[in-house]
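A.B. asks: Take a look at the letters that make up each chain.
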Amino acid sequence: MIKAVSPPAAKTSGYRIETRTRASHAVTAVASALVIFLAALPSFAGRGIIEELIFVFYMAALAQCWNLLAGYAGLVSVGQQAFVGLGGYLLFALTIMAGIDPLAAIVLSGVLAAIFAVPTALVVFRLRGAYFAIGTWVVAEVYRLVFAQFRQLGGGTGTSLGPDITNTVFGIDWVKSMFDVRAPAARDIISYWAALALAVGTISLVYFILRSRLGLALGAIRDSEDAAESVGVDNWRVKLTIYVIVAAATGMIGALIYLQTARISPDAAFSVLDWTAYVIVIVVIGGIGTIEGPLLGTIIFYLLQHYLASFGAWYLILLGALAIAVMLYAPKGLWGSVVGRYGLTLFPTRRRLVVQKGALRSYRQEA
Amino acid sequence: MAVWANALIQGILLGGLYALFAAGLSLIFGIMRLVNLAHGDLIVLAAFIILTIATWLGLDPFAAMLAALPIMFVAGFALQHLLLNRTLGRDLLPPLLVTFGLSIIIENGLLELFSADSRRLHGGAIETTSFALGPDVAVGVVQLLTLASAVAVILALNVVFYRTALGRAFRATSDDLEIAQLMGIDHPRIFSLAMGLSFIVLTIAALYLGMHANFDPTIGPQRLLYAFEAVIVGGLGSFWGTLFGGIIIGIAQTIGAQLNPEWQILGGHVAFLAVLVFKPRGLFPRTTD
Amino acid sequence: MALLETRGLTAFYGDFQALYGIDTMLQAGETIAIIGANGAGKSTYLKSIAGLIRGAADSVRFEGAPIGATSAAEIMKRGIALVPEGRRLFPSLCVEENLLVGRYGREAPGPWSLGRIYELFPGIKTRRNSASTTLSGGEQQMVAIGRALISNPRVLLCDEISLGLAPIVVRALYEALRHIKAAGTSMILVEQDIAQAIKVSDRIYCFQEGRLSLSGRPSELSREQIHLAYFGT
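Protein chains in written order, with my numbering: chain A, 1146 to 1512; chain B, 351 to 639; chain C, 28 to 260.
Just so you know, these hints were derived from the structure itself, not from any lab. Nothing here was measured: the structure is a model prediction, and the numbers come from that model. A portion of the hints provided could be inaccurate.
What the hints assert, rightly or not - From the structure, some residues in chain B lie toward chain C, with a derived Cβ separation under 8 Å:
1) R513
2) A515
3) A519
4) P611
5) E612
6) I615
Stated by the list, open to error - Covered by chain B, according to a simulated footprint, are these stretches of chain C (three or more residues, beta-carbon under 8 Å):
7) 36–44
8) 195–205
9) 229–236
10) 240–248
We put the CB at the ideal spot given by N, CA and C, even for glycine.
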């Protein structure tokens, strides 16, 4: 395995490995302030804004997940709807059949999705590259067809979460009295916080994974699979780890989405368009293989959706054409083009060698 | 016993249709390692083109399909020449995402042009003609014709690949792109020809898709998955393998449907996953990719 | 006018410059040898001529026309064929198909045909239907030469055809090159086996770290001169 890059002589010889940049310290401060602001938003924003932002948050979270999978681990999946749908159905099963609190069920759905992901990976990992992509799609179809068989969960037509469940979610009474709202609005506020937490959580997760040993291994694999193997990276295990982590996060997001909509059906929950195609468009437009890209992509996608979704089929044709155009003319996406030109980065994950004053001179003398 | 025999026979015949779906995909896989995510939607597009020609010119579907062939060949050649050749390289993402985008565009374009209504290609008398193989087993003429066409297409592809200079160029390009250029093989043109050929095959598939059952603009992705399963089950790089792969998926579906009508599609998927687990290189592997 | 000429030929792999302004000339009917140590840029030179590496149009001229920026497929069609280093036969084609695919882009009249190539290399005729991967290294090299020859090129480029082969096999291959030369084909041989290359060549060029370090007729060059140009010390 890879050893952490910190030679004992590092301090004395004047070299450090750094990932942070000065700009990133400022970004950390701004981001923290933004998160606090967003958390406090329900106290003065209307319900419409809250509902729109829930959508933005979970799409941003899904985009981060797919980006980690495809952009960093090279696992181009078009079957992530498997885990969105799975998370949604697990939430319904856990709350309806086991009577678990919805918020706890979101977390539990993530854990269970990770457990489901292991055997799934053992099958789809037998396919490589583009074949892997379609293989994941087949698996998502299997999930859809299997969940359509459960009569207790509404079979092929689906089922709803009753108010007895959605209105008893943890903390709802406190929200009702605190913000002086009725149950449906209070439910939205709780979903909003959960969505915010998931969005911030997935961004942090990706950031910390990339800065960990796992991230170093991913970088090595991205540069060259064979070379990574030769320095002791177990490609298969690294990819499996990422796949399972992403499945857990995606499952939690799916659970939240269907807690919010309170209605689930196999066709919607396992929709390749809603949970994979849109997400891919977001990541590609924003910039694959960066943390900032999917965030930028989410904002662009939200605006497109907001202003153009009423055009129906034409809107989708536009999205498809946009994805193709970006892939042909700016394959690194909008953010990638910005970084390419200005070297700007908000979430520094690259390791830079910092040479302290005098270090070069002593190196030359030694040489 | 007869119901199972019937399921088996119907499955083999259905497999002919899936082999037709798969042959064009297999061809493209083989030559340029391109996975065309729009393949299913292109089959549906071809079915609508056949339907339009048949309606406008008052032709029967077979004649309309023949008329569509040159149009589709040119369309395939142009698609590869103008768009897909620009995406080929070491990175697997561009071709995948471009064909995925294409799939969305085709599906929604068809929805806009033809609405979501179900259509069918009507072949007249042969549609309802069938003959009995036994007391409980009857075989439709359209179904038989589908399987026969699949075998004919596979035979023809084998002749092209293994008996012609173009076929040698296809295989040489697939083996070693750099050295192929040293043979005077203009690989972008070879790729475009291959895509044109793939479009011819998928247009033949579209004829039978439209005569077998109703179709609408949204059914493309499912056909892509069946085609993909047939290719993987058969083993990459072998056209006969693709035919048998299609038949295995067909049989798995009819047996699934025999067990429970809701399990038809699931049956095919389960067979595919089982092959992936136990024989990941397919049942009739040829190349080592 | 020279049949093939390079003038100020440069080549890069990313930031790394492999060739620094190479001037060479090949007359019709002539055979020249390019010698030099590993990494001297010999293979890069051949790839630049064959179009696998493209540069400035003017840096390579063939029959007076600039081809430095022309595609490999087009260059082959005009009559320059390369026998690549490491033979690189097509594994999914049998021996005969490997030969036949060699005339996909060009079928010019000339001394070479399938039958004549089998006469030149009788050993591979008996293996004509075998998978090319089952052949010995020497047999594979024969197929690779035949594959390049079957289109009747005006210039045959050979990249290290003796690499990894037993001396007796190398002698047989060079005997075949004499026949090819006698039939009128011009050749550029890249070799590390200097002794073999010099014997069939009219002139030699020596490369050192991407630059031309020596050129001349074998009879006019001393061993010491070649040694110095080759190793640089």
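A.B. asks: Against chain C, is A515(B) within 8 Å by beta-carbon distance?
C.D. replies: Interface hint status for A515(B): holds (6 Å vs cutoff 8 Å).
A.B. asks: Can we keep the I615(B) interface hint, with Cβ of chain C closer than 8 Å?
C.D. replies: With Cβ-Cβ at 35 Å, over 8 Å, it is violated.
A.B. asks: Can we keep the P611(B) interface hint, with Cβ of chain C closer than 8 Å?
C.D. replies: Where the cut-off is 8 Å and the nearest Cβ of chain C is about 43 Å from P611(B), the hint is violated.
A.B. asks: For the stretch 229–236 of chain C, does the count of residues with a C-beta closer than 8 Å to a C-beta of chain B reach 3?
C.D. replies: It is violated, with 0 qualifying residues against the three required.
A.B. asks: Given a cut of 8 Å on the nearest C-beta pair, is the interface hint for A519(B) held or broken against chain C?
C.D. replies: holds, 5 Å
A.B. asks: Counting residues of the stretch 240–248 of chain C that have a beta-carbon nearer than 8 Å to any beta-carbon of chain B, does the count reach 3?
C.D. replies: As far as the stretch 240–248 of chain C goes, the hint is violated, because 0 residues have Cβ atoms under 8 Å from chain B.
A.B. asks: Taking a Cβ-to-Cβ distance below 8 Å as contact, does the stretch 36–44 of chain C have at least three residues touching chain B?
C.D. replies: Contact hint for the stretch 36–44 of chain C vs chain B: violated, 0 residues under 8 Å.
A.B. asks: Would the hint on R513(B) be counted as holding, given a Cβ-Cβ threshold of 8 Å to chain C?
C.D. replies: Violated: closest Cβ of chain C sits about 10 Å from R513(B), beyond 8 Å.
A.B. asks: Is the shortest C-beta separation between E612(B) and chain C less than 8 Å?
C.D. replies: Hint violated; E612(B) Cβ to chain C Cβ min 43 Å, cut 8 Å.
A.B. asks: Counting residues of the stretch 195–205 of chain C that have a beta-carbon nearer than 8 Å to any beta-carbon of chain B, does the count reach 3?
C.D. replies: violated (count 0)
Comparing the model with each earlier hint shows violations of hints 1, 4, 5, 6, 7, 8, 9, 10; every other hint is respected.
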